[in-house]
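Peer 1: This is what each chain is made of:
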Amino acid sequence: MDKLLEIKNLKVSFYLDNKTLAAVKGANLEITNGQVLVLAGESGSGKTITALSIAKILPVNARVDDGEIIFEGRDILKMDEKSLSKIRGKEIAYIFQEPTAYLNPVYTIGNQITEAIILHQDKNKKEAAKETLELLGRVRIQDPERVSLDYPHQLSGGMNQRALIAMALACKPKLLIADEPTTSLDVTIEAEILKLLMELKKELKFSLLFITHNLSIAKKIADKVSIMYKGEIVEEGACESIFSSPRHFHTKELINAYQKIGKI
Amino acid sequence: MKKNYSLIFGVLIIVILSLIAVFAGLISPYDPSAIDDNNLLMPPSSQHLLGTDGLGRDLASRMIYGARISLSIGLIAVGIATIIGLILGSIAGYYGGFIDTLIMRFVDIMLCFPTFFLILAVVAILEPSIFNIMAIIGITSWMGVARLVRAEILTLKEREFIQASRAIGASNFRIITRHLIPNAIGPVLVSATLGIAGAILLESSLSFLGLGVQPPTPSWGNILIESKSTLGVAWWITVFPGLSILITILGFNLIGEGLKEKIG
Numbered sequence: 001m002d003k004l005l006e007i008k009n010l011k012v013s014f015y016l017d018n019k020t021l022a023a024v025k026g027a028n029l030e031i032t033n034g035q036v037l038v039l040a041g042e043s044g045s046g047k048t049i050t051a052l053s054i055a056k057i058l059p060v061n062a063r064v065d066d067g068e069i070i071f072e073g074r075d076i077l078k079m080d081e082k083s084l085s086k087i088r089g090k091e092i093a094y095i096f097q098e099p100t101a102y103l104n105p106v107y108t109i110g111n112q113i114t115e116a117i118i119l120h121q122d123k124n125k126k127e128a129a130k131e132t133l134e135l136l137g138r139v140r141i142q143d144p145e146r147v148s149l150d151y152p153h154q155l156s157g158g159m160n161q162r163a164l165i166a167m168a169l170a171c172k173p174k175l176l177i178a179d180e181p182t183t184s185l186d187v188t189i190e191a192e193i194l195k196l197l198m199e200l201k202k203e204l205k206f207s208l209l210f211i212t213h214n215l216s217i218a219k220k221i222a223d224k225v226s227i228m229y230k231g232e233i234v235e236e237g238a239c240e241s242i243f244s245s246p247r248h249f250h251t252k253e254l255i256n257a258y259q260k261i262g263k264i
Numbered sequence: 265m266k267k268n269y270s271l272i273f274g275v276l277i278i279v280i281l282s283l284i285a286v287f288a289g290l291i292s293p294y295d296p297s298a299i300d301d302n303n304l305l306m307p308p309s310s311q312h313l314l315g316t317d318g319l320g321r322d323l324a325s326r327m328i329y330g331a332r333i334s335l336s337i338g339l340i341a342v343g344i345a346t347i348i349g350l351i352l353g354s355i356a357g358y359y360g361g362f363i364d365t366l367i368m369r370f371v372d373i374m375l376c377f378p379t380f381f382l383i384l385a386v387v388a389i390l391e392p393s394i395f396n397i398m399a400i401i402g403i404t405s406w407m408g409v410a411r412l413v414r415a416e417i418l419t420l421k422e423r424e425f426i427q428a429s430r431a432i433g434a435s436n437f438r439i440i441t442r443h444l445i446p447n448a449i450g451p452v453l454v455s456a457t458l459g460i461a462g463a464i465l466l467e468s469s470l471s472f473l474g475l476g477v478q479p480p481t482p483s484w485g486n487i488l489i490e491s492k493s494t495l496g497v498a499w500w501i502t503v504f505p506g507l508s509i510l511i512t513i514l515g516f517n518l519i520g521e522g523l524k525e526k527i528g
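Residue numbers (this note's numbering), protein chains in the order written: chain A, 1 to 264; chain Z, 265 to 528.
Keep in mind the hints are simulated off the structure, nothing from the lab.
Treat the hints with caution; some may be incorrect.
[Claimed, not checked] Heads up, simulated DSS-like pairs for lysine-lysine below, C-alpha to C-alpha not over 25 Å straight-line:
| hint | chain 1 | residue 1 | chain 2 | residue 2 |
| --- | --- | --- | --- | --- |
| 1 | A | 195 | A | 82 |
| 2 | A | 56 | Z | 421 |
| 3 | A | 230 | A | 56 |
| 4 | Z | 421 | Z | 267 |
| 5 | A | 224 | A | 8 |
| 6 | Z | 421 | A | 90 |
| 7 | A | 230 | A | 174 |
| 8 | A | 174 | A | 90 |
| 9 | A | 174 | A | 220 |
| 10 | A | 3 | A | 86 |
| 11 | A | 3 | A | 19 |
| 12 | A | 230 | A | 195 |
| 13 | A | 19 | Z | 524 |
| 14 | Z | 421 | A | 82 |
| 15 | Z | 524 | A | 86 |
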């Protein structure tokens, strides 16, 4: 299978006023076309920072110190802002943890999805608005016309996450990065969103990098699992082998954590 | 919900004044610059509702046309100030670092000048036409807006939806104009409304010193200065323009306060 993304020896640090904190200490990842890679680990292990590095949308005080991020043969870290903004949203798209916070409160849902379409495609407002409705339907929103006119605060977290997914998929990206997209949602909604993501993946054939601390999700959707611990990838393997024979103690911890919850 | 009386009264006052200014040609009983030798310094009567001035001109008509001048100077001067403040403030807040320091120190320098004397000096060099007055008031009163906008942008740019718009590939320009400024506009609107009152007062003071709008064009300020010499015998020429300045400023301040309660 073709390699879509390869991260080699990525090092990212936060530069604070009087100290530097290493968040990612040499991470290696590889995603092939159409694959679902689950990146799991405890809070603060560097999962999100690794993910944000991929399209270089790190917070201002974080910097990549070393490493390579090869996306379709090109090193993203060596690109200028202009070529990066052509990749962001078009080739690599994100969905995030708290959907409502990631939508602009002063615009309607429809307006924001339309923007995402117009940014990368040569379409006028009318065509884009029409496509927005199709996209909303595609993420299984019942009444696209009404929802597209709603503001984020009028909708539930689950609906907003669907809207964000529609926005992320607007330009048919090759890689979707989902940073704990279900953590802030309740369990039934979580199951729906996961199901939706898997269905869309089949329809649109993108690769998925899914970040979570919940290994039960990994068991449901992953082709491959990477475990991150204190800024390093400590274990990596096919989904079944990670669960049947975990080697690193943190992997065992994570597996135990969700099995305990399962028993309650 | 509690009724926002200051907003209601403020809007009422300003709407009435604006209508008077817009329809000045229709409602003013006389030509504002028609001199009438037979009716010098006539007190208010049924013929001349607010009396006449030292040249026999109808005071009511002059004040109606003066409303046009005073209001448009207030609006346009504040418009200029707000635009400059928005541009510089958002650039400083968004980019930070050296650009921020440069712009904010420039703001500090501008604030060091006593604005009124700066305006006096500039007007003394340029000719005091209506357009120059608007431009000068605008150019010397944008600093507050810039500081306000910068502060708003500083907090807004850390919000998640800004990261999300970077993730869909929006350019810096687009992020500032489409995502940051619309979210920062509330407090700016409040300060602009209060600023209009200040600008009208400033124009009146300039005209009173003879450096504002030049006669025979009537503005409330220059009607006042003409009344100075006849204050002992014709109180109406002083009182009515003074009252209208007071009411206008009250109106804008009420709107400003009302808006602050609502959105600021």
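Peer 1: Indicate, hint by hint, whether the structure satisfies it.
Peer 2: Status of each hint after checking the structure:
| no. | hint | in the structure |
| --- | --- | --- |
| 1 | 195/A with 82/A | violated, 35 Å |
| 2 | 56/A with 421/Z | holds, 16 Å |
| 3 | 230/A with 56/A | holds, 21 Å |
| 4 | 421/Z with 267/Z | violated, 34 Å |
| 5 | 224/A with 8/A | holds, 17 Å |
| 6 | 421/Z with 90/A | holds, 23 Å |
| 7 | 230/A with 174/A | violated, 29 Å |
| 8 | 174/A with 90/A | holds, 8 Å |
| 9 | 174/A with 220/A | holds, 22 Å |
| 10 | 3/A with 86/A | holds, 20 Å |
| 11 | 3/A with 19/A | violated, 37 Å |
| 12 | 230/A with 195/A | violated, 30 Å |
| 13 | 19/A with 524/Z | violated, 41 Å |
| 14 | 421/Z with 82/A | holds, 20 Å |
| 15 | 524/Z with 86/A | violated, 40 Å |
In this structure, the earlier hints numbered 1, 4, 7, 11, 12, 13, 15 are contradicted, and the remaining ones agree with it.
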